[in-house]
Structures are given as C-alpha cells and as structure tokens.
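**Q** Construct the complete structure from the given sequences, taking the supplied hints into account.
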Amino acid sequence: MKKYLFVALLLALALLAPFQIYPVFLMQALCFALFACAFNLLIGYVGLLSFGHAAYFGSAAYITAYVLKAWHWPTLVGLLAGTAVAALMGLVFGALAIRRQGIYFAMITLALSQMVYFFALQAKFTGGEDGIQAVPRHPLIGQLAIDSDFVLYYVVLAIFLFGLFVIYRTIHSPFGQVLKAIRENEPRAISLGYEVDRYKLVAFVLSATLAGLAGSTKVLVVQLASLTDVQWQMSGEVVLMTLVGGLGTVLGPVAGAFIVTTMQYYLSQFAWIGEWVLVIQGVIFVIVVLLFRRGIVGELAGWWQRRSVRPAAAE
Amino acid sequence: MFELLGVPPQALFGQLLLGLINGSFYAMLSLGLAVIFGLLNVINFAHGALYMMGAFVAWMLLHFLGIGYWPALIIAPLIVGAFGILLERLFLRHLYHLDHLYGLLLTFGLVLIIEGVFRHQYGSSGLPYDNPIPGGQNLGFMYLPYYRAWVVVASLTVCFGTWFVIERTRLGAYLRAATENPQLVQAFGINVPRMIMLTYGFGVALAALAGVLAAPAYQVSPLMGSNLIIVVFAVVVIGGMGSILGSIITGFGLGVIEGFTKVFYPEASNTVVFVIMAIVLMLKPAGLFGQTR
Amino acid sequence: MKIATSLMGAAVLALAAGSANAQVSDDVIKIGVLNDMSSLYADIGGKGSVLAAQMAAEDAGGKVLGKPIEIIGADHQNKPDVGAGIAKKWLDTDKVDTIVDVPTSSVALAVQEVTRERNKLFLMSGPASSDLTGPKCSPVGIAWTYDTYALANGTGSALVKQGEDTWFFLTSDYAFGHALERDTAAAVTKAGGKVVGAVRHPLNNSDFSSFLLQAQASKAKVIGLANAGGDTINSIKQAAEFGIISGGQKLAGLLVFSTDVHSLGLKVAQGLVITSAFDWDQNDETRAFSKRFAARNGGTPPTYTQAGVYGEVSHYLKAIKAAGTDDTAKVNAEMRKIPINDFMTKNGSIRVDGRVMRDMYLMQVKKPEESKYAWDYFKVLATIPAEKAFRPLAEGDCPLVKKG
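Chains as they are written, first to last, in my numbering: chain A, 123 to 437; chain B, 366 to 658; chain C, -4 to 399.
Hints are computed from structural coordinates only; laboratory data are not their basis. It is possible that some hints are incorrect.
What the hints assert, rightly or not - To list a few chain B residues with every Cβ distance to chain C over 10 angstroms, as calculated:
| # | residue |
| --- | --- |
| 1 | Leu463 |
| 2 | Gly481 |
| 3 | Asn496 |
| 4 | Val518 |
| 5 | Arg533 |
| 6 | Leu536 |
| 7 | Met560 |
| 8 | Ser634 |
| 9 | Leu648 |
Stated by the list, open to error - Derived list of chain C stretches under chain A, where covered just means 3 residues or more per stretch with a C-beta under 8 angstroms from a C-beta of chain A:
| # | region |
| --- | --- |
| 10 | 77 to 83 |
| 11 | 97 to 106 |
| 12 | 158 to 172 |
The beta carbon of each residue, even a glycine, is placed where N, CA and C say it ideally should be.
**A** Shown next, in the form of structure tokens:
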C-alpha cells in the first residue's frame, strides 16, 4: 500500500512540476533519467558494465534530428526512426560484445562507441562538431503542436513513463528473474539449461533501444544533436548518474539524473563555481564509491527497510 | 584537400622511426598501468592525471626551486609516487574486495578532482618547459631531434628494467605471489599491504616519469592526460591486462601502426587503436599476451 | 475612507509617473556572459570575460536609465545542449536581457537560434565561425570581434605579399579546421600564392611529429596551422623541436591568442605571424584598460575576445541610454546608428549581417631579446582596414542581405 501511495505522490509531483520549475530543465533531466534507467537495466540487473552507451543515445539523436530537419518527417516517425536505429546498433554491437565479460566487455563497448564517434565526426550529415542545429518541432500527431515547452513537457513525461514501465515490467517478469539469476551466478544459470547469451543479448538490445529513445526525445527538447552526444564523456556521465542514484534500483537512476542535471543547470550559474562543477562531480563520485555504494535511492530504501523492521524487533 | 599518396620509401622510413619513438612513449605510459592492474587488480583511471602531475611537478621544481630537467627525472616521480601511496592508503585500500568497477569509478572521480584543481591554478593553455637537449641530427630521410632519441633510450631502459625486476627477480616473485594468494604470502611473514602500497606508488611513479619525459616535447597542460588515457587503456587491454611484456610490445607496435596510419589516412590515427582493440578482444579476449583471470 | 481613497489615488499616480519615465524590463539590465570556464578555452574567455563585462558596467556608472546593471556568468562546458539550455533558462525565466561572448562555434550556433526565436540580442565575441554572419545570420546576432574569414584572409594574403607564396596546411580534422584551411587557401591563391599540400590530424592530438615531417618534406615556405587551442600549441612547440624554423620554413598560426604565446614561451613561439583584433600593448588607451583589467585578473592582460566583451557591453549600454528603453528592436537600431568607439575599435559599425566592421592587425611574436617586460609578446606589422579584413557582404549567403 505504502508503495502505491509513494508512486502516486511522485506522479502528482511530476504532473504539477512545470508550473513551478522551468520545463526545459525538467525535460532534459527526464531524457537523461530514461537514458540512465536504460543503462541501469544492463549494469544493475544483468551485471554488465557498458562503457559505450553514448553510441545508442547519440546515434538515435542524429538520425531523428536529420530526418526531422532535412526530410521533414512527422515527429512520431522521426522518434521511431531514431529508436529503431539504436535497436539495430544494439543488436550488432551486443552480438559482438556479449561473448566477453567484466572489464573486457566494457572495453569492447568503449571501442565500438569510439568508432561511432569517429564516424559521426567524419560523416557529412552529422554536421561535424557544429552538429545538426535548429531542428524543427513538427506537430506530434495531427494537430497537436509541441512548440510550447509546456506542452512538450507532458509528451516527454509520457515517453519517460512508457520507458520506465517497459523496464519495470521487464524486471518483474520471468525474463527478468532469469537475468538476475545470470547476474548472481552465470555458470549455475547455464547448468540449469538457460541460453544465457540469448538472454543477455535481448537485455542489451532493450537497453540500447531505450537509450536511443532517450536520445531521440532529447532532440525534440533542445532541437539539436551534436558530437557531445556520442562522446565517451557522455557514457561516463550516465555511469555517474546511475551510481549516485543507486545501481539496481528502479528509481535510482532517475534520482541520479536529476541531481547531475541540476548541478549542470544551477551550479554553473554562479561564475565562481562554474569551473568547479567538474571537481564537485569528482568529489561526489569518490564519496559515493567509498561510502554510499548503494546510491541515494539504495541507501534510502535500506534505511526505510530498517525502520520498518525495528518496531517489530523492539517487541 | 591534397593528401600524400604513393609515399616514397624515404618518407615512409621517417614515419616508421617516428612511430617507434611514439611507441616507446606509449610503452612507458602503459607500463605503469599494466603494473597496477597486473599486480593489484585495480583499473587506475587516474593514470593520465598522475602523468600530468609528473610534468607539472617537473615544471614546479624548475620554476620555484630552480631544479632542472635531469634531477627532476628522479625527484618528480618520487614526489608523485608518494602522492600515489597516499591515494592508495586513503582510498583504494577499501575497494580491493569489491568489483573492479568501483576502483575504476573512484579513480575516475579522482581524475576530475586533480585535473580541476590544476586547471584552476594554472589555466588550461599550459606552461612552457624548455628542451634540455635541443637540436638534432639530419639523418637524410628525416630530422631526428636529440631529445626524441633520448626518450627512446630512456623508455627502453625503464621498460625492460621493470620487466626484469617483476619477472626475473625474487622481489618480483613475491609480488606476483602476493597478488595470487595474499593470505599465504602473508603467512610467510611478508608484509603484503605494504608491498601493495609500494607497488601502486611505483606504478604511479612510472606515470610521473613519463610526464617528465613529455614536458619538453608536449605542452605541460592540466588536460594533457585526458587526451592520452583512453589510448593507454587500449594499449594495456590489447597487450593483455596482466602482462608487463604485453603492454611494452603493444605500446611499440601501436606506435608503428599509428605511424603508418598517419601517412595513409591521418584523420583516423587516433581511432585505429580502437579498431585493433575491438578485433583483439573479439578474437583473444585476454589480450595478446594475457591470461584470463 | 476618504484618506484611503486619496492615498490609493496618490499611489496610482506615483506608479504611473514612475513607469512613464523609463521602460526597462523587470527594472534591471541583466547581461549574461556564457562561455567555457573549465576547459580548453577557459583562459581565452572564461572568468576574464565576466570581469570585462563588469568593468564595462562599472565604467558606465553601474546603472543606466536609473536601473542597476547586473552581470551574471555561466559555464557552457563546450556542450551545445548545456549552452542552449542555460540560454533558454536565462531568457525565459531569469530576466536576462542579452547574452554575450559564447566561444565554441557549435554552442554559438545553438544560442543564435535561441536568441533569434526569443528576439533577444546576442553579442558574440568568442566564436570564430564566419557562418554566424553568413548562412546562419540573425537580425539580433552581432559578431563583434573576429571570424575565421578575417583571420584567414589577413594572415594568408599578408604573408604571400611578403613573398611567402608556397603553403602547406596542418589542419585539425573537424569543421572549424576545414573552414579555416579553405578560407586561408582561397586567400593565398587569390594573392598569387600556391598551396602545395595539406594533412589533417585528429582533434586533441598530442604528437605532431609525423605531420610536421610531411610538412618539412613539402618544402613549402609557410606551414599554416589550421587548428586551435592545445593542438596549435603542441604543433608550434614540436615544430621548434624538429628544426622547422631553423630549417627556414615559417609558421603561420591562424588562430592564436596571447595566452597561447604565454604558455609556449617566446623562445619557441618567436617569429609566429598572426592576425589579431587587439593587443593590450598597442597604444596608451589599450594599455590603460589592460592595466586595470590585469590588476583584477591575477596579472594577466586581456585577450582580444575579452576586450571584445568590454567593447560590446559598453556599446550596448550606450545604446540603451540613447534609446531610453531596453526593448530589443530599439536598442538594436541604436547600436547600429551610433558609431563604435572604444580603446579597441575606432569608428566601427555594424553591418546588416551582424558583422562589426573594425580594423584587424597583422602581428608577429617578438624574439626573446626584443621583449622588455612581462607579456610583451607582439609587434604590430600592419593594420588591415575593416573593408579588406572581412568577407564582402555579397559573398556571405546571409538571408538578411537583399540581393541585387
């Protein structure tokens, strides 16, 4: 019961937020939250650390930006196109990377992502380091215009909730249970007869697809796609967000994304802090790794659990 | 616009030699990383930042104390190595029992802090550091600066010296045994935590030494490490993450391959290492010389 | 009751009187300085640009039309998303009236769109891309200090005229580098010179030895460095190491700032020829400003983009005073009516494509023995008048320029 109340409260906050808080900031945070949740599916629930998730986020962003601007496709089709490309990429890269584990898996994903970066730098249609700018916001379906940031917020919120829902259902399904089993003890899962590689690949593709969805949506919000979206630093940022928020929790990456985005928006406002933002991020990294490995949401969940147990123990 | 195709053999030799020189640099830099991963199982993302600190300490020694390049070659690595030991005691020690991931993330956080502080203090453009042996020799097919020749010699010496100590001496044997089975080695009366601490310090000192070697050639700037760190990682991974010899040979090899690429497809010279890494990882995941753990 | 009504009446009258005087939105003139404060270009703009803007505000008396001037700064981290996001937030909710500086062309292009949509003035000093006054020009976007065309044209044609007529390019492999190479090559060819070769290197490259080897082998008289930041610094340092200068070839730095020369040292950088908009040591006026600036900037004199920020903010404030309001259209018109006069620009004007027409200077880095005091780095070789320096209006492809 308490859980549903909590979720309802969050939902209410989400629906009312744009009245108080600047909607563009909220939308960017939501896109990154979806990106982080997609990444978390792989690391938190399957135990695979991908260092190249920016490849899917950025490629989807470029595709969507290009088809919206150069070919004037309708918005929804543009979103689908970007996401589809990310899914395809996930399938190809995943098939190559899945065969290895641990740090080697991470390194392959990094190498593949660097190649995507190089391609993005060289290809004509991406506009090099200027990126694809001034992407138009065509109406969403029929007459639903999304020029207004306020209206777009609810669209982005819907997309985010959809993505979150997909992840939630995946985790709490028999498929998700097998994934957790693989994370805990892969040899045992194999001995039980599960085709471990197939499961991992499906999880990988799902993760890449949702990351792509996040990238495509981001294009609608900021109306541009640039090299920043495919750089390895972007992959590093999503790791930071997930770690700070809490690996292996559903809402952890969301919290992490909001915290990091807030830092970028609000901290960089103060000119004297501007150059310290990265140092502050570093300090947070160090503190979280040393002391709060479960991340904010993880720690809160643990504290909550201990609280509900204690009254019973007192008896 | 115009590109040099159909390169005459003279020019090719020149590029190959340059590739070897660069390779010796990569080998030196990745040596420290390989030592730290091979013996401590820690993925030291801070390696680039520590290399940068080595260059800066050399500059500081010159600027504040008037200590020149040659003494700095010894003093700077000692100072930065001590700093590394401090990092190990304060931070890394607590993470050995956890997944590799956390060591990587912690050192990544340290990079942001170290680079940020230096950048605040010294700006991003960098500082000048003079070439201690200016001038060079015209070899006919290219002009070889004396300094670059010195870098190759220094690098080869240090690389093979380190390899020898770790693979062929008793101290090295203790070290290798301690990483495979710390409790047993400790039971023999050897202070394992102290050895680990000193090993990390040594790996860091190697990075700092590379930094001092780089200071006269590359610009001493707070961002100098972040450009190289990814390539160095790739070298270590290709060579085999536990293998000292692997990273030395791969470092040189990569320098040569990059040299070739710079002649025929220069834009890709920074990316070719990743292509190689991807291929190697798919065919031989533990790297060319490594063993899976 | 009566007292209340008369008080109310008095209040209403007072309000009406107050608002009739000056229509300054939100009762404050807020200027946002957006640039890179933590990475590659932090020394070129960074906090120094914020200081320059503050000095401009102070020199204008701290207030205009009776309203205070507020300067705020933010770090766009060289990321277009972050830059566009901050710009939008500033203009939509934070009551910022105009955005200044914005180096890194990809971010500047994004902010150009944001300011165009919201009809707020965008005073650029940092970005180099000449597209900002070309195909991407905007009625509210003003390029104050320099652009790639001016740099390319200045250095290219001047050197060819001196007899340095064969060129080899060392180009950074991204759009900016390509554009710089293309513009300089065009200037060189037009002046009668010849481009004998070029090599493209990846961005953020540390080692230039093999590219410099190719440049040496080409035997070109000039090696043009079509790159920026750390790449330029490393190329110059290694060129010295590989005996390029002693071998007789000249280096042309196409985008070089005083801070770059400072970090290289004169021994390595001597002889480098560049095009620049300003040097702190040019005349008494520039020296006076720079001494004041350096005292508050840790001893470092202003770069030309920072000086440009001072210039554009001063002119903007003058225009507000003349217009009697901070309404964008009226201020924009005043800015283009009043000639630009400050320590760095004499009789400058704003063209219809947003380009500020100002003189540029051909400068050379002094030899170590020629430098008498700290930061004494440049000697001015020639002045390039505005009409010669910048791209002719007709060639720009700016949609605001009427054809025919």
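**Q** Compare the structure with each hint and give your call.
**A** We went through each hint and held it up to the structure:
Residue placement check: leucine 463 of chain B keeps its beta carbon more than 10 angstroms from all beta carbons of chain C (closest about 30 angstroms). Non-interface status of glycine 481 of chain B relative to chain C is broken: a Cβ of that chain comes within 10 angstroms, the nearest being about 7 angstroms off. For asparagine 496 of chain B, the condition that its CB be more than 10 angstroms from all CB atoms of chain C is violated, with the nearest at approximately 6 angstroms. Remark: the non-interface label on valine 518 of chain B is consistent with the geometry, its nearest Cβ contact in chain C lying 17 angstroms away (cut-off 10 angstroms).
Every CB of chain C lies more than 10 angstroms from the CB of arginine 533 of chain B, the least distance being 32 angstroms, so the non-interface label holds. Look at leucine 536 of chain B: its CB is around 34 angstroms from the nearest CB on chain C, clear of 10 angstroms, so calling it non-interface holds up. With 10 angstroms as the threshold on Cβ separation, the claim that methionine 560 of chain B sits away from chain C holds: the shortest Cβ distance comes to roughly 34 angstroms. Taking the minimum C-beta to C-beta distance to chain C, about 6 angstroms, the non-interface status of serine 634 of chain B is violated against the 10 angstroms cut.
No beta-carbon of chain C is positioned within 10 angstroms of the beta-carbon of leucine 648 of chain B; the least distance is around 26 angstroms. Requiring three or more residues with a Cβ within less than 8 angstroms of a Cβ of chain A, the coverage given for the region 77 to 83 of chain C holds, as 5 such residues are present. For the region 97 to 106 of chain C, the assignment as covered by chain A holds, since 4 residues bring a beta-carbon within under 8 angstroms of that chain's beta-carbons and 3 suffice. Taking a C-beta to C-beta cut-off of 8 angstroms, the region 158 to 172 of chain C contributes 4 residues in contact with chain A, enough for the three needed, and the coverage statement holds.
The structure fails hints 2, 3, 8 (numbered hints given earlier, in ascending order).
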